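Asks: Take a look at the letters that make up each chain.
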Amino acid sequence: MTDCRKYKDLIEKVMDGDISDAEFSELKAHTTTCSSCREELDGFNYMRSVVTEAFSSSKDAEEAGEQVLHHLSLHSLPQSRVPGWRWKSIAAGILLAVGLALGFALGWASSAGPGDVTLAAQVPVKVMDLTGTVLVRHAGFDTWQFLRADSTIHLGDTFHSTGGSGFVLGLDKESTIEVNQNSMLILKSYDEQRQFFLAHGECTADLESPHGPFFIETPHGRVEALGTEFTVTVD
Amino acid sequence: MPDDITRNRGADEHLIHASLAGNPSAFSTLVERHWNLVFALALSRISNATEAEDIAQESFLKAYTQLSTLRKPSCFAGWLTRITLRECTNTVRRSTRRKAVCGGPMEPQEVLNAVPACAANPGLTSGQADFVRQTVRRLPKNLRELVLLRFMGGFSAVKIAEQLGKRPGTVRVSLHRAYKLLRKDLNPLLEEIGS
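Protein sequence lines correspond, in order, to chains A and B. Going by this note's numbering, the residue at position 141 of the first sequence is 141; the numbering climbs one at a time, nothing skipped. Going by this note's numbering, the residue at position 133 of the second sequence is 1133; the numbering climbs one at a time, nothing skipped.
The hints are simulated quantities; they were obtained by calculation from the structure and are not laboratory data. Treat the numbers as computed from the prediction; the structure is a model and nothing was measured. Mixed in with the good hints there might be a few duds.
[Unchecked claim] In silico BS3-like pairs for lysine-lysine, Cα to Cα no more than 27 Å straight-line:
{"#": "1", "chain 1": "A", "residue 1": "Lys59", "chain 2": "B", "residue 2": "Lys1141"}
{"#": "2", "chain 1": "A", "residue 1": "Lys8", "chain 2": "B", "residue 2": "Lys1184"}
{"#": "3", "chain 1": "A", "residue 1": "Lys8", "chain 2": "B", "residue 2": "Lys1072"}
{"#": "4", "chain 1": "A", "residue 1": "Lys13", "chain 2": "B", "residue 2": "Lys1180"}
{"#": "5", "chain 1": "B", "residue 1": "Lys1184", "chain 2": "A", "residue 2": "Lys28"}
{"#": "6", "chain 1": "B", "residue 1": "Lys1072", "chain 2": "A", "residue 2": "Lys6"}
{"#": "7", "chain 1": "B", "residue 1": "Lys1062", "chain 2": "A", "residue 2": "Lys13"}
{"#": "8", "chain 1": "B", "residue 1": "Lys1166", "chain 2": "A", "residue 2": "Lys28"}
{"#": "9", "chain 1": "B", "residue 1": "Lys1184", "chain 2": "A", "residue 2": "Lys6"}
{"#": "10", "chain 1": "B", "residue 1": "Lys1180", "chain 2": "A", "residue 2": "Lys8"}
{"#": "11", "chain 1": "A", "residue 1": "Lys28", "chain 2": "B", "residue 2": "Lys1072"}
Bound-form chain A, shown alone (with noise of 0.2 Å):
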């Protein structure tokens, strides 16, 4: 009779989700002779996968992925908080009521309330294309909406392209910025020059010639474009 001591040992690393692919493989050449670890084995993976059955879900984990991303579009967004935030928030708080204050002293204050956040310019920019979900969160707003093909388009728009998804966006009558997906997009200015910053992602400026003054920002640099099309991808 084989002495299957080894080969128990192995099987109880399976269960612990601990086995190497050789000792698996020793283990699976075993199992072919021996009918007790067979046995064994078999029974534990019969096991996970009926315990894995009955708590699988209806829904495709894609599919709650796009679900939570959307609840989360319609909600504010996290703000990354660095260590000391907390202090750095009174701070900020006590510097801005003195500020207040002052500003009445001197008859400063305004008659708006500091709830009062108004959208920046409108510019004449189209989506003209449109995969997938995009986001779109205005200058000054905490909130993401999607994005749709009808969608008014404002200085200071931050553009988030999820998964999958691309847009592009047409700047007048030839010229075009095609957004691929995972990308955060951001327009910065839409008057003598236009310029974008490219937080994250690829774009494609595609421009008609001639074209005025063209920028692209990135965490890295400026690209100013001399030519009619360019692609710029940042990781």
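Given the structure of chain A, go ahead and fit chain B onto it with the hints provided.
Replies: Chain B in isolation, oriented as in the chain A frame:
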């Protein structure tokens, strides 16, 4: 294959940092990676699969809003497990209170379990899947969570220990205890399917 589920857990940390930097799609990827585990944890406490899905979704939303408070991003799954179980407890408590206020009789466990679960179980009949769920629910709480982290989360005993801040040896012993109990209770079903 040593394990059915193999994942690069280190990627969780990267996705957490990206989420905190304002990239919501990074968080949706985290949801995809942990959805099965979170749903299973909820279903191990709540009999109704639709309600379990709601709890799972709510748990992810809570996790998102509290993400900046997570001290060890490498232990995201353990942290998420605690959030989910707390969410389950709150749901059960709210449900119990609502029934008490309405004056209606408490719904017996059998009635709750009779609600058809819409979990996907291609190989098992609805009755068999229900039997498996009830068997897992009968396990002591701490063993139940370990089994689901192992089977649904794909974590090894060592990784579970890391996630929950326990000793690997303790997790191993508990897992083997859970397997023993499960095998004993599931035996009629395993024989029925096997025959």
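Asks: Against each hint, give a clear statement of whether it holds in the structure.
Replies: Results for each hint:
1. Lys59/A / Lys1141/B: holds, 25 Å
2. Lys8/A / Lys1184/B: holds, 19 Å
3. Lys8/A / Lys1072/B: violated, 36 Å
4. Lys13/A / Lys1180/B: Judged against 27 Å, a Cα distance of about 15 Å means the pair holds.
5. Lys1184/B / Lys28/A: holds, 25 Å
6. Lys1072/B / Lys6/A: violated, 37 Å
7. Lys1062/B / Lys13/A: The given pair, whose Cα atoms are some 35 Å apart, is violated under the 27 Å limit.
8. Lys1166/B / Lys28/A: Given that 27 Å is the threshold and the Cα spacing comes to 31 Å, the pair is violated.
9. Lys1184/B / Lys6/A: Roughly 25 Å separates the two Cα atoms, so the pair holds.
10. Lys1180/B / Lys8/A: holds, 15 Å
11. Lys28/A / Lys1072/B: violated, 38 Å
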